[in-house]
Amino acid sequence: EAGVAQSPRYKIIEKRQSVAFWCNPISGHATLYWYQQILGQGPKLLIQFQNNGVVDDSQLPKDRFSAERLKGVDSTLKIQPAKLEDSAVYLCASSPGLAGALGQFFGPGTRLTVL
Amino acid sequence: AQSVAQPEDQVNVAEGNPLTVKCTYSVSGNPYLFWYVQYPNRGLQFLLKYITGDNLVKGSYGFEAEFNKSQTSFHLKKPSALVSDSALYFCAVRDNSNYQLIWGAGTKLIIKP
Numbered sequence: 001e002a003g004v005a006q007s008p009r010y011k012i013i014e015k016r017q018s019v020a021f022w023c024n025p026i027s028g029h030a031t032l033y034w035y036q037q038i039l040g041q042g043p044k045l046l047i048q049f050q051n052n053g054v055v056d057d058s059q060l061p062k063d064r065f066s067a068e069r070l071k072g073v074d075s076t077l078k079i080q081p082a083k084l085e086d087s088a089v090y091l092c093a094s095s096p097g098l099a100g101a102l103g104q105f106f107g108p109g110t111r112l113t114v115l
Numbered sequence: 001a002q003s004v005a006q007p008e009d010q011v012n013v014a015e016g017n018p019l020t021v022k023c024t025y026s027v028s029g030n031p032y033l034f035w036y037v038q039y040p041n042r043g044l045q046f047l048l049k050y051i052t053g054d055n056l057v058k059g060s061y062g063f064e065a066e067f068n069k070s071q072t073s074f075h076l077k078k079p080s081a082l083v084s085d086s087a088l089y090f091c092a093v094r095d096n097s098n099y100q101l102i103w104g105a106g107t108k109l110i111i112k113p
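These protein sequence lines map, in sequence, to chains G and V.
For the first sequence, position 96 (counting from the first letter as 1) is numbered 96 according to my numbering, and the numbering increases by one without interruption.
For the second sequence, position 33 (counting from the first letter as 1) is numbered 33 according to my numbering, and the numbering increases by one without interruption.
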């Protein structure tokens, strides 16, 4: 079974530029999560999708961050414009259902550096 | 409030010795508990989970965890540490109100040869 795929793995941009990250979850997983992980900290949930609908985006800075999962499979997370404090690893995870009893399965992450 | 605490920022163990990484939690309802490991420049990898049943849970790479309801703890253990176990370990508990994971701050495990 293929795992969660993410691209790119690394991205370096200047502040005020835009960037987009892509995630392909494990086949059949209805729930998809985007997390932000600052170095040395635990993951912080940005947004959660169930199929193509948003379940929770309460911690997504909506003035600059956006995410979509149009067909209920792949997802993209965009930052526009980026700030220095957005430097972090962006993790995508998926799980079979909303209840989360089986845990979440993570991709390798995208390391973003904003200069 | 629901929370997870990992009281140690770093744990140092000599190779071949037993290791313990501590985790305590606070959650409403039955606890669903998880341990993940993160190697440098890698995503989080699932190690093991407790949902119900035997208090000693076995997981990947020889790790196990002991659930203690009275102490609200879920400590990660391994009988004999390997240098390759050096990594960042995260404990998480499921928030039963929204089914999201509440994460600990992580514990850096360093195994010295």
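Source of the hints: derived by calculation from the structure; they are not laboratory data.
You may find that some hints are simply not true.
To be verified - Restricting the straight-line Cα-Cα distance to at most 25 Å, the calculated cross-link-like pairs of lysine-lysine (DSS-like) are: (1) G/Lys15 / G/Lys71; (2) V/Lys112 / G/Lys44; (3) V/Lys108 / G/Lys15; (4) G/Lys44 / V/Lys49; (5) V/Lys112 / V/Lys69; (6) V/Lys112 / V/Lys58; (7) V/Lys108 / V/Lys22; (8) V/Lys49 / V/Lys77; (9) G/Lys62 / G/Lys83.
Check whether the Cα positions of V/Lys112 and V/Lys69 lie no farther apart than 25 Å.
violated (32 Å)
For a C-alpha distance cap of 25 Å, please report whether V/Lys112 and G/Lys44 respect it.
Distance of about 31 Å is beyond 25 Å: violated.
Going straight from one Cα to the other, do V/Lys112 and V/Lys58 come out at no more than 25 Å?
Holds: V/Lys112 and V/Lys58 sit about 24 Å apart, inside 25 Å.
Starting from G/Lys44, check that the Cα of V/Lys49 is at most 25 Å away, please.
holds (20 Å)
Would you check the hint for G/Lys15 and G/Lys71, treating anything up to 25 Å between C-alpha atoms as holding?
violated (31 Å)
Straight-line Cα separation of G/Lys62 and G/Lys83 no greater than 25 Å?
Cα-Cα ~13 Å, so holds.
Run the distance test for V/Lys108 versus G/Lys15: straight-line Cα separation, threshold 25 Å.
Distance ~31 Å between V/Lys108 and G/Lys15 Cα, so the pair is violated.
Going straight from one Cα to the other, do V/Lys108 and V/Lys22 come out at no more than 25 Å?
holds (11 Å)
Hint check: V/Lys49 vs V/Lys77, CA-CA at most 25 Å. Holds or violated?
holds (13 Å)
In this structure, the earlier hints numbered 1, 2, 3 and 5 are contradicted, and the remaining ones agree with it.
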